[in-house]
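Sequences listed follow chains G and U, in order.
The first sequence begins at 1 in this note's numbering and counts up one residue at a time.
The second sequence begins at 1001 in this note's numbering and counts up one residue at a time.
No lab work stands behind these hints: they were computed from the structure.
Glycine included, every Cβ here is placed at the ideal spot set by N, Cα and C.
Treat each hint with caution, since some may be false.
[As the list claims (entries may be wrong)] Output of the computed footprint for chain G on chain U, the stretches with three or more beta carbons under 8 Å from beta carbons of chain G:
| # | segment |
| --- | --- |
| 1 | 1076-1090 |
| 2 | 1099-1113 |
| 3 | 1246-1258 |
| 4 | 1275-1287 |
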Amino acid sequence: MRKFVKNYLSYTVIGSLAIILTIMGAIGALPGTTLALLEQSAIAIVLAVSLNMVVGFLGELSLGHAGFMCIGAYVGGKLAVLLSSSLGGTNILTVILALIIGGLAAGLCGFIVGLPALRLRGDYLAIVTLAFGEIVKNIIENSEFFGSHTGLRTPDFTTNRSMRFMLFTIGAVVVLLTIFVIQNVIKSKHGRAITAIRDNEIAARATGINVTKYKLMGFVVSAVFAGLAGVLYSYSVQSIQAVTFDYNYSIEILVIVVLGGMTVNGSIISAVLITALNNILQTKLGGNIAVAKDLIYALVLILLVIYRNAPSLKTFREKYNLGNLWIKLIKPKNDPSKVGEDAVRWDVVPTKISMDEVLSTDVIIDTTGDNSADIGERGGNK
Amino acid sequence: MKFLETLINGFSIGGIYAMIALGYTMVYGIAKMLNFAHGDIIMVGAYVIILFLPINPVVSIIAAIVLCALLGITIEKIAYKPLRGASPLAVLITAIGVSYLLQSLAQIIFGPNPKSNNLFEKLFPKFLESHRGGIIAIGSFNIKLSTIITLACVALVMIGLTLFVKRTKIGRAMVAVSEDKGAAQLMGINVNKIIMITFAIGSALAALASTLMMLDGQTVNFTMGSLPGIKAFTAAVIGGIGSIPGAMLGGIVLGLIECFAQMAGLGDYAVAIEFSILIIVLLVKPTGILGKKRREKV
């Protein structure tokens, strides 16, 4: 039997949190605003973990994640509206059906876009995903079927306490499912192929990995979960508008992923933290400080990326690497034959081949060349 | 007549896109990065014009161009230079961060509400008295003065930039750096200086583009640069990113598509049409219409 990833920490933490919160909510100890915040966090976790599949593990930049979410939200929302007369809009079966169909629709779009787009890479792929997000937004915005500019009204779950908890529980299940599936995909043979492509596409191709297939796989999995997040979103807000899912929304998700260090657990923590921070800043302070939060995120994003990637800070980083220290503390044995889920090192291309490493299981192929740092040439694409 | 008007409008809007696209394409050619913050420099330029407009409209335009060029250099020095040689993804994310930063700064300083501008009224008060709405009518054919100015400016910039790149020492150094940075450095070209100049020129062109947009009555707010930025970027990619004639061609193609889509009653879907064309072009010829193919080496 195949082994599943033992990330008990996040499963137990999220699972027990969900149970405790559901019980607390059932006895009426939680105000509605806290519940709304928890729903938002759940959506943010699903979005961040699924985007991390593309950005952290596949090593490509997707700027159209909100587009997939938009498809999920509209398909799921419309389905609930269509079923409201027969099955009931707030029925649990409707929600599950909407989740399945919304996820599949987003996945299908991911497949249709990914199939041609994944021939491109890097900057070009980022542009195509951006273009895709804008096309989806533009078409849905002008489509009568989806309520055009006025938006789409979805069933209201907030009227009834028990219905709201049902939605909340479903959200928690979707979060756990997302983490479970993505971690297992990454730890599988397919996942190793995906991370190999990230580390060096040409070398991966040379070792017989079907690059297009695995890229597409990562892309579609990511799209499916973005679609699920969209369905959750459409039920938690009662009325959806295509304008919400614009380019800036995709960027916000990207910010969460990057601040989380492009790992699964990091994305979860950063999604919860940023959602909570956003909410607190907006409701408690309002006005200019709410705007200042964007400024702070932008600054943190720039400084973090520079700190983590600047070639001139390399020695400094190696000397004071908190991440490495942390890994050493919790994982004393460092087994290089296993692909760690810590995608922290995606940005570091090895510049030297040591004999020990060559003799061990890993093969590292140098793409930048040793002279790259001196003249500032970005290697590999001359 | 309708067709001719649409054609001229297409050229004028396309010219503005081309001017912005030149900034993207030059930076890409030389620094090998997508400067996502380029669109927001348009926005900064617009706010500078609004700030200086009470003093003198001409001064405000010059101030916008100079300050934007300085801003471009500063952004390059602080945010992009430390990442030279790092992974392309890291540079792209930083550029997105800079774009986010400029937008939120503008929102804090100038507030979220759009501001109207009276640049045209201030520049041509006498013309407006004789021509209502700044429109010149020749028979049944109507053309705005701002359109004529835009067309003239775009033509001048394109000719000037082409001559600059082909004839001057700095221009040829730019071509050399875009061909092979290492070899250019060995030939005694100061690569850092060339990158700095590229950012300055690109940002100055963005400021000029924002002037032209404001002449046409564009309202100013903190997200005004996003959409033209993304569209110009699309134009640069369609034409072949890294190629100067490609950016000009791509911009004009995009402007014509936009105007003819509007004429055909598909104005609502303009964005979808433009981006679909981008995707199609990229799939058929991934390097764009005039882009050069680069072979990947291990």
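Chain G covers the segment 1099-1113 of chain U, three or more CB atoms within 8 Å, holds or violated | holds (count 8)
Whether chain G covers the segment 1246-1258 of chain U (at least 3 residues having a Cβ closer than 8 Å to its Cβ atoms) = violated (count 0)
Coverage claim, chain G over the segment 1076-1090 of chain U, checked by counting residues with Cβ within 8 Å (three needed) = Our answer is that it holds, as 10 residues pass the Cβ test (under 8 Å) against chain G, meeting three.
Claimed coverage, the segment 1275-1287 of chain U by chain G - three or more beta carbons nearer than 8 Å | Coverage by chain G holds for the segment 1275-1287 of chain U (7 residues, Cβ < 8 Å).
Violated hint: 3 only; the structure is consistent with all others.
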